[in-house]
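K.L.:
The listed protein sequences correspond, in order, to chains D and P.
For the record, in the first sequence the residue sitting at position 37 is 37 according to the working numbering, with numbers rising by one throughout.
Counting the second sequence from 1 gives a position; the working numbering is that position plus 92.
Hints were generated in silico from the structure; no laboratory data involved.
There could be a bad hint or two in this list.
[To be verified] For the chain P half of the interface with chain D, some residues (derived, Cβ under 7 angstroms), not all of them:
{"hint": "1", "residue": "Asp-177"}
{"hint": "2", "residue": "Leu-181"}
{"hint": "3", "residue": "Met-182"}
{"hint": "4", "residue": "Lys-187"}
{"hint": "5", "residue": "Ile-221"}
[Claimed, not checked] Facing chain P, according to a computed beta carbon distance under 8 angstroms, are these residues of chain D, among others:
{"hint": "6", "residue": "Ala-16"}
{"hint": "7", "residue": "Ala-19"}
{"hint": "8", "residue": "Ala-20"}
{"hint": "9", "residue": "Val-23"}
{"hint": "10", "residue": "Asp-45"}
{"hint": "11", "residue": "Ile-49"}
{"hint": "12", "residue": "Leu-50"}
{"hint": "13", "residue": "Ser-51"}
{"hint": "14", "residue": "Met-54"}
{"hint": "15", "residue": "Ala-56"}
We treat Cβ as the ideally placed atom computed from N, Cα and C, and that holds for glycine.
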Amino acid sequence: MAARGVRVVNRLGLHARAAARLVRTASAFRSSIRLERADRSASADAKSILSVLMLAASRGTELRVEAEGEDEEAALEAVCGLIEKGFGEEEA
Amino acid sequence: MSRRKGKRESRWRGVAVSDGAAAGRILRIHVGAREDIYRVALEPPEVEREVTRYRAAVRLSRRQLLALKKRAERALGDEHGYIFDAHLLMLEDRKLNEEVESVIRAELVNAEWAVKVITDRVLAVYEEIKDDYLRERSSDIEDVTRRLLVALSGESMSGRRLTQDACLVAEELLPSTIAELDFTHVKAIATDVGGWTSHTAIIARGLGIPAVVGLRDFYRQARTGDTVVVDARKGEVVLHPTPATFEQYRSDSSAASPARARVVPAEELRAPLKTKDGAEILLRANVELPVEYDWVARYGARGIGLYRSEFLMSHRGELPGEDEQCAAYEELARVAGRDGVTVRLFDLGGDKLFPAGMETGEERNPALGLRAIRLCLRREQLLRTQVRAILRAAARGPIDIVLPMISDLTDVRRTRAVIEEERARLGDEGKEVGAVRVGAMIEVPSAVLVADWLAREVDFFSLGTNDLVQYTLAVDRGNDEVADWFRTLHPAVLQSVGRALEAAARAGIPSNVCGEMAATPAYAVVLVGLGARELSMAPPSIPRVRRTLAGVEASEAERLARECLGCATADDVEELVRTRLGGLWPHLFPPETLPPPKTRG
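Whole structure, please, built from the sequences with the hints as guidance.
P.N.:
Below is the structure:
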């Protein structure tokens with residue numbers, strides 16, 4: 001299993017559009033991918049948009065991303081990269 | 093006015109497509125109501141069928157969303173497609189689908205109830221979210237839920253009866269949606285998509301309803317029951333107006349009430365219309381909905397110059413059969429009286445609607461695709477049924493047929509052959525048929541260029557100026573990004589109109605200008621100058637155009653038109669029209685009725 005912490009940096013947090021990108025990205029990998037709030041109050045399946053939305057991760061939320069499977073390293077990289085880069089959204 | 097906590101006033105700019113302003117409560121038009129969901133207990137053997145039904149509803153919703161996403165991307169850019177991407181992902185969500193199916197199986201309940209149970213649970217979590225922006229996103233879940241529920245019910249996305257006055261807010265109102273509503277209760281319309289010539293706009297103007305379109309993301313922010321001001325004078329929508337804003341709007345409205353309310357005596361409306369120098373002009377009605385039928389007489393229209401028959405299609409995409417269509421055309425002939433009705437054959441396909449089961453594959457350029465007469469000729473049974481219905485109805489009153497989107501004389505010949513075959517067949521069946529004249533819509537540049545050839549083989553021309561502008565200038569009329577390029581007074585458009593009118597005159601056939609252009613007094617003067625003697629428009633526009641044309645000299649209009657034809661740019665034409673009209677007929681065109689001079693950066 002590969003895991004690391006990441007922080008939500010984009011202004012609007014994991015809103016529908018960002019969540020959609022995250023789910024699309026995660027779904028491209030074979031590994032199972034979980035997102036968990038660093039305070040352990042909630043966790044989500046990164047391949048389910050409802051699950052991701054219900055994390056209610058606003059800007060500044062600390063998350064722990066875990067990937068498990070044959071492509072876990074690449075999956076972790078892709079998902080964390082997306083979150084760290086603010087989903088490519090312009091900052092306002 | 094009560095304002096809930098956190099509902100701050102916000103202003104949205106869009107494109108005003110009609111006149112006036114209204115305030116009221118929002119009714120979001122999308123899909124069926126969540127409140128109406130019922131619980132039905134199932135017998136164990138029914139469970140698998142229910143799961144299958146649920147899966148079919150998911151597939152149907154998915155198809156709708158894919159289409160919406162495509163349209164949003166085309167109209168607003170890829171950014172907007174993401175919204176629907178999120179909706180699509182929700183539909184594909186294993187968690188959602190597994191949970192819904194497990195509720196159906198475990199609790200032995202209908203799919204609607206299961207969807208409600210699961211999505212209520214999700215929404216409850218959302219209510220707890222502290223972040224305002226994220227909490228707002230519950231609207232996405234609500235949207236998807238409603239779409240699913242409507243798909244399950246087998247009903248339309250809109251099929252809702254208006255029982256009290258409301259301001260309609262929608263992503264986009266389709267002709268079928270609009271067709272179902274009770275207009276007496278519509279106070280205003282605000283939509284995310286659309287432009288000056290979208291169906292929403294045309295209908296709003298026709299009905300005298302304030303409408304602002306192109307609001308981009310307003311629909312998702314608005315909630316049914318929210319207070320709103322829709323100001324089509326400024327192209328602005330104010331959500332949750334403060335009491336001060338509300339008062340401001342109210343005093344503005346009472347001060348300047350547009351000419352709409354002016355009453356014209358009926359005899360005056362029915363007298364023949366002549367310009368001051370004696371040119372006779374016929375004003376006819378454009379009609380699509382039954383609610384408009386009464387207006388033909390009320391506004392003194394000389395019959396119906398354009399009936400958009402695709403409005404016979406139901407919201408489920410079903411076209412009525414021959415008998416039902418025949419009855420509809422007979423009714424129209426009765427409404428039109430001795431001046432008759434011109435029925436445009438189904439202008440379906442492309443970016444417009446497709447009849448159920450006739451969807452073609454994805455088209456890269458729907459406006460240039462299998463639509464209008466092309467679709468009629470390709471799906472010949474559609475054409476034959478309509479032609480038979482019209483021929484039969486024509487036995488009861490004067491009806492003409494006009495062929496939409498003619499780009500080549502061959503289209504006319506092929507359609508005429510079908511008409512003659514059906515006439516002969518109806519004769520063999522012992523059914524009574526009437527004489528119909530067959531005309532061509534001139535709305536494609538190629539038709540303008542071969543207008544002389546067309547004029548020899550049709551009985552009349554109808555100039556559809558909306559499409560003519562779109563195709564001549566290569567500007568999508570529904571795309572607000574390129575609205576600045578949609579210039580009705582472009583010299584190329586005026587040359588095309590002039591050319592088509594001349595070709596008709598040379599061949600000795602009448603021609604009718606039936607686009608939105610005819611309904612705007614300043615443009616109507618230019619059209620008369622170009623030689624138009626028959627204009628067709630939304631009936632409420634008739635009194636205004638009538639008053640204008642009765643006060644001008646056709647000879648002066650001709651001089652103005654000639655000058656316009658010599659202009660290099662749309663800006664030049666607009667400036668010329670603005671100064672000449674105001675100079676020649678200041679009583680008809682006071683400065684405030686003319687567009688302000690362009691200040692272009």
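K.L.:
So, for every hint listed, does it hold in this structure?
P.N.:
Now for the hints, and whether the structure bears them out:
{"no.": "1", "hint": "Asp-177", "verdict": "holds (5 angstroms)"}
{"no.": "2", "hint": "Leu-181", "verdict": "holds (4 angstroms)"}
{"no.": "3", "hint": "Met-182", "verdict": "holds (5 angstroms)"}
{"no.": "4", "hint": "Lys-187", "verdict": "holds (4 angstroms)"}
{"no.": "5", "hint": "Ile-221", "verdict": "holds (4 angstroms)"}
{"no.": "6", "hint": "Ala-16", "verdict": "holds (4 angstroms)"}
{"no.": "7", "hint": "Ala-19", "verdict": "holds (6 angstroms)"}
{"no.": "8", "hint": "Ala-20", "verdict": "holds (4 angstroms)"}
{"no.": "9", "hint": "Val-23", "verdict": "holds (5 angstroms)"}
{"no.": "10", "hint": "Asp-45", "verdict": "holds (7 angstroms)"}
{"no.": "11", "hint": "Ile-49", "verdict": "holds (4 angstroms)"}
{"no.": "12", "hint": "Leu-50", "verdict": "holds (5 angstroms)"}
{"no.": "13", "hint": "Ser-51", "verdict": "holds (5 angstroms)"}
{"no.": "14", "hint": "Met-54", "verdict": "holds (5 angstroms)"}
{"no.": "15", "hint": "Ala-56", "verdict": "holds (4 angstroms)"}
Hint compliance for this structure: every hint is met.
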